Each structure stands twice: as C-alpha cells, then as structure tokens.
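Student: Numbers 32 to 933, taken from my numbering, label the letters of the sequence shown in order.
For the record, the hints were derived by calculation from the structure and aren't laboratory data. One or more hints might be untrue.
Stated by the list, open to error - Straight-line distance between alpha carbons at most 20 angstroms, and here's what the computed DMTMM-like set of lysine to aspartate or glutamate pairs gives:
hint: 1; residue 1: K925; residue 2: E629
hint: 2; residue 1: K925; residue 2: D709
hint: 3; residue 1: K581; residue 2: D727
hint: 4; residue 1: K451; residue 2: E374
hint: 5; residue 1: K581; residue 2: D593
hint: 6; residue 1: K581; residue 2: E527
hint: 7; residue 1: K581; residue 2: E552
hint: 8; residue 1: K283; residue 2: E808
hint: 9; residue 1: K581; residue 2: D613
hint: 10; residue 1: K451; residue 2: E430
hint: 11; residue 1: K349; residue 2: D593
hint: 12; residue 1: K581; residue 2: E374
hint: 13; residue 1: K283; residue 2: D795
hint: 14; residue 1: K925; residue 2: E859
hint: 15; residue 1: K925; residue 2: E834
hint: 16; residue 1: K451; residue 2: D487
hint: 17; residue 1: K925; residue 2: E808
hint: 18; residue 1: K451; residue 2: E386
hint: 19; residue 1: K451; residue 2: E389
hint: 20; residue 1: K283; residue 2: E618
Remember, it's a predicted structure, so these values are computed and weren't measured experimentally.
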Amino acid sequence: MRDTSEPPAGVPWHSLSIEDVHTRLGTSGRGLSREEVARRQERDGPNALPAARPPGISGIVLHQVKSPLIYILLIAGVISVLIGDIKDAAFIILVVVINAVIGAVQEWKAEQSALELQGLLRVTARVRRDDRWQTVPAEELVVGDLVLMDTGNRVPADIRLLHAANLTVDESLLTGESAAVQKAVGVLDEDTPVSDRTNMAYAGSTVVTGRGCGAVTGTGTVTEVGSIARAVSGTESAKPPLLIRMEDFSRKVGLLIVAASLVMALAALSRGVPPVEVFFLAVALVVAAIPEGLPVAITVALSIASSRMARRNVIVRKLAAVESLGSCTTIATDKTGTLTVNEQTARVVVVPPGERVEASGAGYTPDGAVPPLPPALAAAVRHLARTAVICNGGSLYQEDGRWVHYGDAMDVALLTLAYKTGLDPDRVRNSVRVVAEVPFESERMYAAVYYRDIGDTADTRPGVAVKGALEVVLPYCATMTTADGPVPLDAATVDESFGWLMENGYRVLAVADGRVPSPPEGAPDLPAAAPSLSLLGLVGFIDPLRPDVKEAVGVAHGAGIDVVMITGDHPRTALAIARDLDIARSEDEVMTGRQMDEMGGPGSPSVAAAIGRTRVFARVSPVQKMEIVDALVGRGHFVAVTGDGVNDAPALRRANIGVAMGSGTDVAKDTAALIVTDDTFSSIVAGVEEGRFAYDNIRKVTYLLISAGLSEVVLFILALLAGLPIPLLAVQLLWLNLVTNGIQGVALAFEAGEEGAMQRRPRDPAEGIFNGLMVRETLLSGMTVGVAAFSAFWWLTASGVEETMARNLLLLLMVLFGNFHAFNCRSEYRSLFRVPLRDNTVLVLGVVLMQGLHILSLHVPVMQDLLGLAPVTLEQWSACLAVAAVVVVMEAFKFFRRGNET
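Whenever a hint applies, use it, and build me the whole structure from the sequences.
Tutor: Set out below in structure tokens:
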C-alpha cells in the first residue's frame with residue numbers, strides 16, 4: 032500500500048470515523064505490507080522514547096569540582112605555587128582530589144542504584160502485516176499498523192480503537208486514575224480531554240480485561256507519553272537550595288578573606304615590613320582562613336545521609352538532593368499509589384434499609400474479615416457477595432503461597448469481599464450454570480449474568496445477577512432485600528445511603544438479583560429481559576490509604592511542612608482521602624483543573640491566590656500540575672513533588688526536588704532526583720528527616736571550620752598589631768588543620784540525628800547557611816579562642832620563651848582548642864554534656880587518635896624538623912589543656928539562649 036498516511040501530530044484521531052482513520056493512515060484491514068513498514072520506519076524512526084545517556088566518569092568527576100569553594104582553594108593553591116610553598120599547594124590539591132573522589136564514587140553508586148529495570152516501550156506487539164498476524168518488537172511499530180491487544184498486554188503505541196470487546200485499560204500511569212477505563216469505538220467530540228477519550232489506547236497503559244484491535248496513530252515521541260517527555264526536556268529545573276546557599280556562603284567567605292588580607296597587609300606595610308614578607312603573611316592568612324576541609328566534610332555528610340536514606344528506602348541520584356529534600360516547605364504529592372495502595376477495596380456494604388457493614392483489610396488478598404453480625408444480617412451480606420461472585424469476570428486464587436488476580440479491579444475487589452464473608456468463589460461458580468451474560472459497557476453502566484442453580488429443573492425460572500450504577504439498576508427493582516427479607520423498595524432511603532457513600536469518597540456499585548420470566552435468548556439487556564429485581568445493597572469501593580501514611584502526614588505537618596495533594600481523581604474521592612489525612616477539611620480547599628481554566632489559568636491573580644489556600648487539586652492535567660508547582664515555587668516555597676506516573680514527570684522536573692516512586696515509569700525516574708523504592712509516603716517523610724539531619728551536620732561542620740579559621744585570623748591580626756612574630760608558620764597551620772579540622776570536621780558528618788529535628792519549622796528558603804545563630808556562635812567561639820591563643824603567645828614571648836618553643840606550645844594549645852571545640856559543635860541547641868558519646872564514636876576515636884598523633888609528632892625527629900616541634904612536659908601539656916577549656920564559654924551561650932527562648 033502506498034504511503035498516504037498523514038503525520039500523526041495534531042490530528043484528532045478520536046473525533047474521526049473508522050473509515051476516515053483508515054484513509055488518513057493509509058491502511059486497511061489487511062494491514063501494511065513489509066515494504067510500506069520499512070518506508071515508514073525510515074521516515075518516523077523507531078517507536079521508542081529517546082534514552083537519556085548516563086553521565087560518564089569524567090562528567091561525574093567534573094561535576095564535583097564545579098563548586099565556588101573549590102575555585103577558591105585552587106586559587107590559593109596557585110598562589111602557594113607562585114611563592115614556592117609546594118607543600119601548601121600539594122595539600123590543597125590533595126583536598127580537592129579527595130573531595131572529587133568521594134563525591135564521584137558516591138554519585139556513581141547512586142546512578143547504579145537508579146538504573147532502569149525496563150524501558151517504558153520495550154514490549155512486543157501482535158501486529159497484522161501482509162494480511163497475517165505476527166509478533167514484533169514494539170520498537171518496530173509504525174503509524175498505520177493494526178495491533179491486537181489482549182488482557183494483560185502493555186499498549187505499545189497510541190492507538191485508535193477499531194474494535195473493542197469488553198475492553199478496559201489501566202491508564203493510571205498517564206492520567207493518575209486508579210480505576211480501569213472502559214473502551215469503545217464510537218466517535219467523540221474533538222475537545223474531549225485525554226482522560227475521557229474512550230476510543231483511544233495510549234502507549235504505556237495496560238489492558239485489564241477484554242480484547243481490542245486498533246490502528247497505530249502515534250509512535251515514539253509523537254505519543255501522549257512522548258509529548259510529556261518533550262515537556263520535561265524543555266523545562267528548566269529549579270536550583271537545589273544547597274547550591275544556592277553554598278554560592279552565597281562562598282561569596283561571603285571570599286569577601287572576608289580579602290578584607291582580612293587587606294587589613295593585615297596595610298598594617299604590615301605601615302610598619303615597614305618588606306612587601307615580599309607581607310605577601311607571605313597574606314598567603315598564610317588565606318591558608319588559615321579558607322576552610323579547606325569544608326567541601327570534603329560537606330560531601331561526606333551528604334554521602335552518609337544518602338546511605339542512611341538508602342536504608343530507609345530512598346535512593347539518591349544527586350548528592351545535593353539530600354539536603355534539598357530536607358529543606359522543603361511543601362510536599363506536593365500524588366494520591367494514587369503514593370498516599371493510597373493503588374488497589375480497589377470493597378470497604379463498605381450497605382444492606383437495605385441502611386445497615387452499614389465495614390470489611391477490614393485492603394488490596395487484593397482476603398486478609399481481613401467482615402465483623403461478627405447478627406445471623407440474619409450476616410446472611411444478607413453473604414447473599415449480596417454470592418450474587419456479586421456470579422456476576423463477575425475476575426479471578427483471585429492462591430498460587431505457590433501467594434494470591435494472584437486477573438481482571439477488572441472492581442471484580443477482583445468483590446471476590447476479595449466474598450472470601451471475607453466466608454464464601455469460596457470457586458464453589459459459588461460451580462454451583463450455578465451460566466445461561467447468558469451481558470458484559471459491562473460504559474454505555475450500559477451495568478453487567479448481568481443469567482444463570483440456573485445446579486439442580487434446578489427446566490421449569491425453574493432462570494435467575495439473574497446484576498451489578499452496576501445505582502441509577503441504572505434501581506429502576507428494575509421492585510423490592511429490596513433486608514436482613515428480615517424482601518420489603519417494598521424505599522428509594523429515598525437508598526438514595527440517602529448512596530449520598531453518604533459518595534460524600535465519603537467511595538465508588539458505588541449496586542447489586543441486585545431476581546428471576547426472569549423465561550429463559551433468555553442470546554444475551555438480552557435488562558429492558559428486554561424485564562426481570563423483577565430485588566436490591567441486595569450497595570458496595571462502596573475505595574483505594575485505601577497506606578497503613579502508615581496518616582502518621583507520616585502528621586509528622587510532616589509537625590515539621591511545618593504543607594502537604595498538598597495533586598491528582599487526576601474525582602474531587603469528592605480526593606477530598607475524602609484528604610480529610611482522612613488532615614490535608615484538607617472543606618470543599619473550599621479543593622480546586623479542579625476545569626476551575627483553574629475558568630478562573631483564567633495559573634497566570635491570573637485569582638488562581639495564584641487560590642493556589643495559596645488550596646490543599647487538594649483534582650482532575651488536573653500534567654501541564655496543570657506543572658503550573659501548580661511553578662506557582663508554589665513562585666510564592667517562595669521549596670517544593671518537593673512526588674509521583675510515579677508519566678503524568679508526574681513535568682512537575683518533577685519543575686520542582687526544587689523531584690521524588691519518583693520505585694514502581695513508577697522510567698520517565699518519572701529519569702526526571703527525579705530521588706527515588707522511593709517502596710513507594711510509601713512515610714519513606715518520603717523519612718527522607719525529609721534525613722535531609723534535616725544532613726543539613727544540621729553541615730552546619731556543625733561549617734561552624735567548627737569557620738570558627739577555627741576565624742580564631743586563626745584573630746590570632747594573626749592581633750599578633751601583627753602587637754608587633755609579635757608570626758604566631759604559626761604556614762606548614763604548622765596546615766598541620767593544625769589536618770589534625771583538628773581535617774579529621775574532626777569529617778567526623779562531625781557522622782553525627783546521629785538530633786531529637787526534635789522534625790518538630791522545627793522549615794528554614795526560610797531565602798535564609799543563608801550563615802543565619803543569625805551561626806554568626807553569633809561563630810563570632811563568640813572564634814574570638815574567644817583567638818584572643819586566648821594570642822594572650823598565651825604574648826605571655827610566652829614576654830616571659831622570654833624562645834620563639835620556636837613558643838610556637839610549639841601555641842600549636843599544642845590550638846590542637847587542644849580544636850579538640851574541645853569539636854565536642855562543643857556536636858549540637859547548636861543542647862549542652863555537649865547531654866549529647867551521648869555513643870552517637871558519634873567516629874568523632875571520639877578521631878579526637879583521641881589525632882591528639883595522640885600530635886603528641887607522637889613532638890617526639891619524632893622527621894616531624895620535628897618538618898614542623899618545628901619539640902617535646903613538652905606533662906606540666907606544660909596540662910597547662911595547655913586547662914587554657915583550652917575556656918571554650919566552655921559556649922555552654923553558657925547555649926544556656927542563656929535556651930533561657931531566652933523559653
């Protein structure tokens with residue numbers, strides 16, 4: 032057949048007749064020829080989404096050095112080389128290398144953990160070509176191919192249905208709806224939204240029941256999945272908060288270094304110090320001021336947090352995402368599969384006139400039961416369940432110790448309910464002989480099975496079991512079966528029960544049975560059969576909450592984090608779930624996608640204001656979800672977006688931090704920075720907690736290193752102003768940083784999380800890492816240590832102690848200061864005496880080891896020559912220890928701060 036097909040993009044295939052579809056696609060009932068397929072494959076390319084290339088080792092390593100702090104360190108290294116201090120330069124370069132190695136290894140491991148298990152379109156398809164059916168890889172499909180789909184098949188491309196026999200499709204990955212969609216072949220209006228296009232089957236969705244045949248209208252990127260992928264690729268990602276604060280911090284550090292260097296240089300020059308010597312002093316000050324260990328310590332803190340997150344079912348794909356999740360002020364979560372288990376459950380049975388019976392358990396396993404009931408009511412519930420089993424196309428059985436199910440979610444849920452009432456669905460089915468059946472169709476909104484009980488005579492009127500929408504079934508009911516038997520139908524009472532179920536977010540099916548006057552011919556619908564039915568009751572279905580999600584939402588609220596639900600589900604169902612979780616309380620907090628459009632879209636002031644007070648967004652499209660997230664980010668929130676489907680990908684990309692579900696699509700996983708392997712909202716909250724722990728540890732490390740650097744700057748400037756010799760040589764400064772900050776800074780990254788982290792409100796997104804508290808505690812501790820060290824050095828030189836020995840004792844004192852201060856930095860809120868040592872054995876061992884290493888170096892000739900050291904007496908060491916204890920002034924600071932806060 033000659034290629035007369037039109038490019039699929041933009042064509043409203045759902046609004047065309049079957050004849051027009053054949054004509055415009057250039058196909059027929061015989062399918063395409065092999066030659067035509069080859070031409071179209073060359074024209075359109077493979078039926079596959081473009082795969083994202085994983086970053087190579089060089090790219091990962093380069094990513095690690097793209098940090099302003101690293102740039103400053105490299106500049107300091109170059110300056111050290113220029114003045115001939117190769118040791119200083121080598122140490123700085125070593126720090127940069129260690130940082131790159133640690134970060135690269137961790138990021139590479141995270142990428143390996145996040146490898147996709149299977150491509151979204153990597154499936155096979157049953158296709159008709161050259162007038163015969165054959166199986167081909169889905170990647171080889173072309174526009175115009177005729178594709179056959181059976182129950183359980185993954186839809187391999189966008190398809191316009193030409194035939195559908197009881198065809199239902201799970202499109203939750205695309206629309207967010209957990210219930211399967213009934214498909215038909217009729218022509219629809221051109222403006223019908225994607226979620227209501229019942230004559231289309233979209234790539235990536237799954238056939239739940241029935242069989243269908245259709246013509247491929249779009250492949251690869253020219254599908255609904257592909258259009259979302261294009262939206263993702265063109266969306267700019269919000270910058271993680273850690274990078275924002277690091278950039279701000281590095282600018283402040285740089286300004287402080289320049290200012291301190293200028294002050295020292297001017298003072299030295301005014302005293303007649305030669306310019307070359309001034310330059311050496313400036314370099315020493317730069318080495319002292321720059322926290323060389325900060326990038327390594329931050330990387331270690333993030334790496335440790337990512338490992339802890341992995342133990343709590345959160346895989347980190349980018350290290351900066353660890354702290355980003357802990358910084359979030361709003362979690363915008365999908366409903367289906369994230370807050371709920373994504374399984375329909377028959378939760379409530381209402382037996383006329385209004386007896387409500389709630390079944391325990393959730394999902395497609397008969398774990399749970401109907402509570403003990405009066406015998407008559409229990410019999411009525413079993414009667415309803417038996418009827419629902421007879422009118423049922425699903426399967427639920429045990430295989431190798433596990434429960435296996437097939438078919439429509441509602442049918443499987445009814446089978447689960449039957450097990451809970453004590454019935455065996457197989458025995459029920461074996462007790463009847465099906466005479467005829469009417470499968471569920473969206474046009475009918477009911478299903479019916481005509482049957483005879485085994486043992487019935489030919490004269491016995493056939494029975495009929497019916498389930499469907501109440502408004503369709505109720506007109507055929509003359510009576511309703513109560514616990515006391517059939518009574519005349521009370522429509523008002525039934526409507527009241529129906530309204531209660533709907534208000535509480537349940538999907539409702541009516542179940543009825545009765546007799547027909549004569550054996551049916553064919554499969555007559557209810558109007559033709561004219562049965563006399565008795566309403567057995569209503570069944571309320573719900574996609575249940577995950578068991579731990581309510582507690583997790585409560586923890587998020589306690590942490591000052593807003594939880595917003597964004598779903599494609601019905602607003603009543605979404606509101607019912609939101610009420611259960613205390614996400615929303617009234618309808619005023621619910622907004623639909625249609626209401627957004629009617630109000631003028633996300634750019635209008637009215638919508639922007641409404642988004643600020645809305646907690647549930649229902650019936651929204653993928654683009655609208657992205658626009659909602661955009662609006663939240665624009666209002667100053669750090670937004671974490673959760674999701675599992677293709678429809679979530681644009682919002683995941685636009686958010687500050689995207690969190691994909693492990694069972695979700697590859698598109699979502701590729702877009703997100705974090706992947707939750709067990710799909711639970713509680714793991715997301717656990718990730719937030721670990722993120723806060725990580726940020727706390729980063730603050731502790733920063734506090735230690737910056738205050739240590741400040742103390743050294745204060746020491747140098749005071750010594751210079753007092754006319755004293757240089758207190759410490761550059762090589763001694765490097766040694767000091769190695770045995771204190773270099774080890775202790777990294778050790779602080781192993782600190783266990785502090786109690787109360789999830790009782791604090793989120794930080795202001797605009798707040799830098801150096802907030803008021805950090806500034807006060809850094810100034811106090813840095814000035815205290817600096818002044819104390821200067822006083823000791825001044826006293827030593829004034830007492831006639833030789834300059835080299837004075838530096839030796841000062842270096843020992845500074846090491847002890849660092850040891851004490853490391854323990855003080857373990858908490859910004861609690862006394863160091865209240866933080867258990869067992870919470871960080873790495874720090875304890877590190878301090879003991881480094882103090883021992885320094886004492887050892889005092890007695891090793893090589894170290895004595897290299898660092899200008901000499902042995903000290905026990906009395907001298909004890910005296911230095913006593914002076915170093917001055918840092919307990921920070922305990923007083925914490926005490927008075929706690930008193931002011933209370």
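Student: Compare the structure with each hint and give your call.
Tutor: Here is how each hint holds up against the structure:
no. : hint           : result
1   : K925 with E629 : violated, 54 angstroms
2   : K925 with D709 : violated, 40 angstroms
3   : K581 with D727 : violated, 26 angstroms
4   : K451 with E374 : holds, 16 angstroms
5   : K581 with D593 : holds, 14 angstroms
6   : K581 with E527 : violated, 29 angstroms
7   : K581 with E552 : violated, 52 angstroms
8   : K283 with E808 : holds, 17 angstroms
9   : K581 with D613 : holds, 8 angstroms
10  : K451 with E430 : holds, 19 angstroms
11  : K349 with D593 : violated, 24 angstroms
12  : K581 with E374 : holds, 17 angstroms
13  : K283 with D795 : holds, 19 angstroms
14  : K925 with E859 : holds, 8 angstroms
15  : K925 with E834 : violated, 37 angstroms
16  : K451 with D487 : violated, 28 angstroms
17  : K925 with E808 : holds, 9 angstroms
18  : K451 with E386 : holds, 18 angstroms
19  : K451 with E389 : holds, 11 angstroms
20  : K283 with E618 : violated, 48 angstroms
Going through the hint list in order, the structure does not satisfy hints 1, 2, 3, 6, 7, 11, 15, 16, 20.
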